[in-house]
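S.K.: Read off the chains here:
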Amino acid sequence: MAKHDASRREFLVRAAVGAGAAAGAAASGGLVPGVAAQEQMSHMEGGASAPGQQHPNGAEHGAFFNHADAATIAAFTERIMPSEPGKPGARDADVLNYIDLALAGAYAELQDFYRRGLASLDAHCRATYKESFVHLTPEKQDEVIAALEEGKASEFTYPTAREFFVTLRVHTMEGMFADPLYGGNRDFAGWRLVGFPGAQAIFTPSDLKSTAEFTRAPIVGLQTTAKGPMGRG
Amino acid sequence: MAIEKTDVVIVGMGAVGGIVAAELGKAGMKVIGLERGPRLSTADFNPHDELRYFQRQDLRPNWKRQPVTWRPHPSATAHPMNILNYGNQAGGGTVHYGTLSWRMHEDDFRARSQTINRYGSSAIPEDSSLADWPLTYADLEPFYDRAEYELGVSGKAGNLQGKKIDGGNVFEAPRQRDYPLPPLLDDQSGVLFAEGARKLGYHPFSSPRAIISQPYHDRTGCTYCGFCQSFGCHVGAKSSILVTKLPEADATGNFKLLTGTMCYHVKTDNSGRATGVSYYGPDGSDNTIEAEIVILAPFIYDNTRLLLLSKTDKFPNGLANSSGQLGKHVMAHIMAKVFAGFDDRFVNIYMGPSAQKQTIDDFNADNFDHKDAGFIRGAQISIGPADLEAGPIGTAMAMDPPPGTPRWGAAYRDFLAKYFSRYGAINAQTENLAYADQTIDLDPNVKDQYGMPAPRVTYDWRRPNERARVEFLMQKMEGIGRAMGASKVWRGSLSPGAPGAHHEGGTRMGSDPKTSVCNKYGQTWDIPNLFVIGSSTFPSMSGFNPTLTIQALAYMSADAIAKRYKSHPGSLV
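Protein sequences appear in the order of chains A and B.
Going by my numbering, the first sequence opens with residue 267, and the numbers climb by one from there.
Going by my numbering, the second sequence opens with residue 4, and the numbers climb by one from there.
Simulated from the structure, these hints should not be mistaken for laboratory data.
Here the structure is a predicted model, which is why all the values come from computation and not from measurement.
Hints may contain errors.
Computed list of lysine to any residue pairs in SDA-like fashion (alpha-carbon distance at most 20 Å, straight line) [said to hold, decoys possible]: (1) B:K159 to B:G170; (2) B:K421 to A:Q377; (3) A:K406 to A:V432; (4) B:K67 to A:V436; (5) A:K475 to B:G224; (6) B:K259 to B:D10; (7) B:K569 to B:D10; (8) A:K418 to B:R410; (9) A:K475 to B:F349; (10) B:K491 to B:M477; (11) B:K67 to A:E429; (12) B:K67 to A:Q377; (13) A:K353 to B:F349; (14) B:K67 to A:G371; (15) B:K314 to B:P456; (16) B:K491 to A:T477; (17) B:K450 to B:P285; (18) B:K67 to A:P425; (19) B:K67 to A:V432; (20) A:K353 to B:A414; (21) A:K475 to B:G412; (22) A:K353 to B:Y415; (23) B:K421 to B:K491; (24) A:K475 to B:Q217; (25) A:K475 to B:G344; (26) A:K353 to B:G170; (27) A:K353 to A:Y373; (28) A:K406 to B:Y415; (29) B:K517 to B:L575; (30) B:K421 to A:T477; (31) B:K421 to B:D403; (32) B:K167 to B:H206; (33) B:K421 to A:L402; (34) A:K475 to B:D372; (35) A:K406 to B:G412; (36) B:K67 to A:Y373; (37) B:K374 to B:A471; (38) B:K421 to A:K418.
Bound conformation, chain A alone (with noise of 0.2 Å):
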């Protein structure tokens, strides 16, 4: 925890430092009470507890999924978002974290929403393959999502089909490229897949005038910075 904390401090005064501002250091605060300033203030201080949430004992998940939801949800993030060597997908940033960690707490009113469309979502591939997604081949998944995104998935009631790929669709971008604070984007994979740079506290006159590449500092997140300049991994 006192290592987080100390990360954390070292960024906001990195940050503060780098953009020439005495306004940034001087972290005074300066909440009132509110309710949204106690949201904000659970965050931070929920945030400070792990540079990238993870379960404990190094599990994959289990926060809100069982394992064959878990199942399910990697192999269809996965699709949304491919992996490749070189071009890292929804596995290798590791969606299903961030979206098992999100179910458990940000977005829990959404559990019902995920149970209800996993099921519609097994009726759909066992009524039309005879099997379950996770078996089926990468092409007929494919094909399982094209039909819920065109709404022509009969099983589906609450959630629509349309509106589970949308959300499933949603979380996954979310998981790719929110800061790996939030459990997914490990590594800054979906950052090096699109070349982001992070929360770069500056841009300089040259930076604004080049037209190559940005890769003249690391990445930079919330709590923790990529090791050297950044390139795509």
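With chain A fixed as given, assemble chain B onto it according to the hints.
M.R.: What follows is chain B alone, placed relative to chain A:
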């Protein structure tokens, strides 16, 4: 239940509330400001987190606890909108906005008569309630000037006392003096846009923004980190109300801010005067403030909602609604987009202030001839990221892939990997006309966390005039994309009728109490000590972002209250 007395109570401490509080406090009036969110500080905005602030909208109202519903027409069921583009903290939307700070054109203040004079009355769609403002640009110019200098706006004049200046906006209305701060530096998307636009004979310029390009008033200059729209500024270079007017209000010794408070009722007596407001405290307590002047300054929905909810036997249709115009003539910008992708170079659009970086004004307002165009009024066209901020989540949400590329799978992954740092989005911010049947009222089915009916918006931008304009602008933007040298140019998808950003209307100002809710000072015709200040009073919207005009109106109203109303209460016109 606490009861307090004060001279002035202001509901909402955003773009308007902070200015009015500071100015009336300086005039010696005791002011209490009610703000439903917290008061944050610059230190709270470090470090930047796209998931929290952009995707989960941490500086904006929670759409489930404070729902605003939308339906395209009266026979449709309204559902809560899942993106609310306004603020939920002291400083309001100015904390997280993109900072575009425009003076409206001279003809924006008289869009109706301008159209009739130049094209005849048949050019105005029959069902539109397009109206002139009850004031002119010249009336507001001194207050635009004050807002630019007191808050801190960076830009370059294009029309200094009638003299046109290349590199500024040559279509702008004449200004008495230049901006207080030089323009912000361009990133590569701005450079490309300006080059392309010039090739086509247009007049590009660095958009005026309330971000200080140099140290100003003890604040540090912009660091070009790119986290503007959706984010608070981590160095305080954004000239938000939080770092400009609230400290001024504090220094008067006459201002008290109550955070975590939700105003639910405006109190009136049998003589027809406003006597104060009722509000819920952060602990759920029910409290009252008695005041000589009540000023409503929340985002537009809550003006109409509060006035409707505060009805009495004397005001059976809601306060300030003898005209029957309350809640009508609602407007919103929509953003038509064209993407430009570059195979041979990087653009790195995540660098620099994120929203609407460079602009052309050639197709805005009545700056071009609309004869035979099939529509009236125009749009500001600018360059920026897909959804005004340039992080990868926002890009994955808002950058439509070109036709033929899916939104998921290996091809989508490769598209995103290639173009994330190699694109710009050209964006037309359209001036949609006022129509009386575009409304805000109380949702009979959806309630907010306080048990109050949600504001319900009935609105569909897809009218013939608006559709024709979007098609015209799409073609212009495609031309700009090609002139920029893009390898690929493709159109973005359009919203399915829902209102976009910058909502206006609902408490329209005018010169006739029979057809408007308030006068040019936001003073309601029916209740002289009840004011509504903000974009809800706009009779027409212009293609420009409204904030600087809102702020200029706040200065003008505060000036009139301090100099005239305070000693002689009564109608200001």
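S.K.: Hints numbered earlier in the text: which of these fail when held up against the supplied structure?
M.R.: 2, 21, 26, 27, 33, 34, 38
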